[in-house]
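Visitor: Chains as they are written, first to last, in this note's numbering: chain R, 2 to 204; chain S, 519 to 810.
Don't read these hints as lab results, they were simulated from the structure.
Glycine included, each C-beta is placed from N, C-alpha and C at the ideal position.
Be a bit skeptical, because a hint or two may be false.
[Claimed, not checked] Not close to chain S: a few residues of chain R, all C-beta gaps over 12 Å, as computed:
no., residue
1, K7
2, D14
3, T16
4, L19
5, A23
6, L30
7, G51
8, T52
9, F53
10, T59
11, G110
12, S116
13, G152
14, D170
15, N172
16, Q193
[To be verified] Not everything, but these chain S residues come out facing chain R in the computed CB check (under 8 Å):
no., residue
17, Q523
18, Q524
19, W527
20, I606
21, L806
22, P807
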Amino acid sequence: MAELTKRYGMVIDLTTCLGCQACSAACSLQNETPYFAGKFRTNVEDIEEGTFPNTTRTFFPHLCMHCEDAPCARVCPTGATYQNADGVVMIDYAKCMGCTACIDACPYGARYVYSKDDVKKAKEVFGPANQHMVPHVDKCNFCYEDRTSQGMQPACASTCPGDARIFGDLNDPNSQVAQLVSSGKAKPLGAQFGTKPKVYYIG
Amino acid sequence: MTLLQQSNWHGLIAAYLFLGGLGGGVMALGALADLFWQANDAQADRRPALFAGLAGMVALGVGSLILVLDLVQPLAAIFALSNFHSWITWGILFISLYFVAGILYVFPYLRKQRVAGPAQRVAGIAAGILGLLVSVYTGFLLSSSTGIPFWNTPALPLLFLVSGVSTGAALLMLHLITLKSSPFAAHTLHLLERVDLGLVAFELLILFAFINMASAGNAGIKAGAQYLLGSVGFTVGVALLGLLLPAILEAISIRKKQVSLTVAASVFVLIGGALLRIYVLQAGYFALPWLQ
């Protein structure tokens, strides 16, 4: 395998997430995803635990973990899901037949069906020539084509008021993400699944 | 710990898993009996092979059609076969070759040919092996789901293979009892009943070992086992009526040669096989990592 030039990743700081869902909104508009059907590429869980007076409330943002050993890409019969040269797990919508094997393969619940009905509704909401002209199984692609490959931040990271999302190149030792990961401050979620996720969490 | 029940694969996929196992199993047993349990001469009775081949291809054909219609974008299926890490790629390959071999094997019998030529025998053996591969593939399809702990085990391919061949035996036996004056049919029925008794006993053992292991496993796989043990449709429908009862009926029938017992056992095996797929799909529990 050729040496990867970049290895995009993200660190999410749970201590600064406000649960405002600006990331979900920015993502939906940037990527024209079916928020009208309750489907999101990224979302913030509002987790309440314990009984009064000993209660905690955690806001937990999640998205595709862009696993190095992505199980969704492994089970994809058409090769529609693949990892690109910058380490981003991408989907070629035209090649996806929608067998949905990837949905059951992903331990992070990152994938959903962009259905025929969603495609129809998206034409009304986002215009007749939007990014999703055919039904497929969808997920986050780190805003690769329109933003991150052009040197910009993903929509969720650039819109986050608490700077809870830090995006960067894990292969660049000077990047903030690489330093947070190598210092051990940021840890992967669900390491037991063994898929080597590239999204890490602080807190 | 919050556990969720998967809702991605249900009814139609269960129907496919059943029909795939059945179509694969009946072809394998039909070809085995036809090519190895009788002499290849003008006296050979080719009706069981014809039935097994045609019924198998109809079952698998209907099952595959269900799968294709269930796709979000069926036209993109032309891109399948591009990732050999994917079990679906292998499944499409097995199913396609099954039909090629099955047609080459069965077609000469349709034209009343009695003696099978060398090429036809090879096609028959290939169709039988591909039948077994299709049957075991239905298990690999589920067991490659890394997000669903109850499916992601080596037990499923084995369970679905044994169950698929057993339902195939049941269907073939239901045909054989209609061939009253055929010595070959009587002989095959006699052997198949013994084979199926062994398969059903083995299936009970696999199920017991699987659920026994799952009951002591991680939260997701444990929830699957508990769901099955708490469902009457599984404990009574699959385990008792679909496996234990047919085993008893077959054991009696082998001694007493009562056709009614064979019919009852075969019908229960088929119903049990269909229920097994439905319940295994429903046992697909998982925990999202942020809820752990």
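Visitor: Against this structure, judge whether each hint is valid.
Guide: For each hint, the structure was consulted:
No Cβ of chain S comes within 12 Å of the Cβ of R/K7; the nearest lies about 24 Å off, and the non-interface call holds. With a least CB separation of 15 Å from chain S, R/D14 remains clear of the 12 Å interface cut-off, as annotated. R/T16, annotated as away from the interface, keeps every beta carbon of chain S farther than 12 Å; the closest lies near 15 Å. Under the 12 Å C-beta cut-off, the non-interface status given to R/L19 relative to chain S holds; the minimum distance is some 17 Å.
With a closest Cβ-Cβ approach of about 19 Å to chain S, R/A23 is found to remain outside the 12 Å limit, as its non-interface label requires. Distance check for R/L30 against chain S: the nearest CB is about 23 Å away, which clears 12 Å, and the non-interface claim stands. For R/G51, the shortest C-beta to C-beta distance to chain S comes to about 14 Å, beyond the 12 Å cut-off, and the non-interface label holds. The non-interface label for R/T52 is consistent with chain S: the shortest C-beta to C-beta separation is roughly 16 Å, beyond 12 Å.
Remark: the non-interface label on R/F53 is consistent with the geometry, its nearest Cβ contact in chain S lying 20 Å away (cut-off 12 Å). Interface exclusion of R/T59 from chain S breaks down, the closest Cβ pair being 8 Å apart, not more than 12 Å. For R/G110, the condition that its CB be more than 12 Å from all CB atoms of chain S is violated, with the nearest at approximately 5 Å. Its closest Cβ contact with chain S, about 7 Å, brings R/S116 to no more than 12 Å, contrary to its assignment away from the interface.
The Cβ of R/G152 lies farther than 12 Å from every Cβ of chain S, with a closest approach of about 31 Å, so its non-interface assignment holds. For R/D170, the non-interface assignment is confirmed: its Cβ lies about 25 Å from the closest Cβ of chain S, beyond the 12 Å cut-off. Residue-level check passed: R/N172 sits 25 Å from the nearest beta carbon of chain S, beyond 12 Å. A beta-carbon of chain S is positioned within 12 Å of the beta-carbon of R/Q193; the least distance is around 9 Å.
About 12 Å separates the beta-carbon of S/Q523 from the nearest beta-carbon of chain R, more than 8 Å, and the hint is not met. With a cut of 8 Å, the hint placing S/Q524 at the interface with chain R holds, because the nearest CB-to-CB distance is about 6 Å. Given the 8 Å rule on beta carbons, the hint for S/W527 holds: about 7 Å separates it from the nearest Cβ of chain R. Restraint check, S/I606 versus chain R: the minimum CB separation of about 4 Å is within 8 Å; hint holds.
The criterion of a C-beta within 8 Å of any C-beta in chain R is met by S/L806, whose closest approach is roughly 5 Å, and the hint holds. Hint status for S/P807 relative to chain R: holds, with the closest Cβ pair at about 4 Å, below 8 Å.
This entry does not satisfy hints 10, 11, 12, 16 and 17, going by the numbered hints stated previously.
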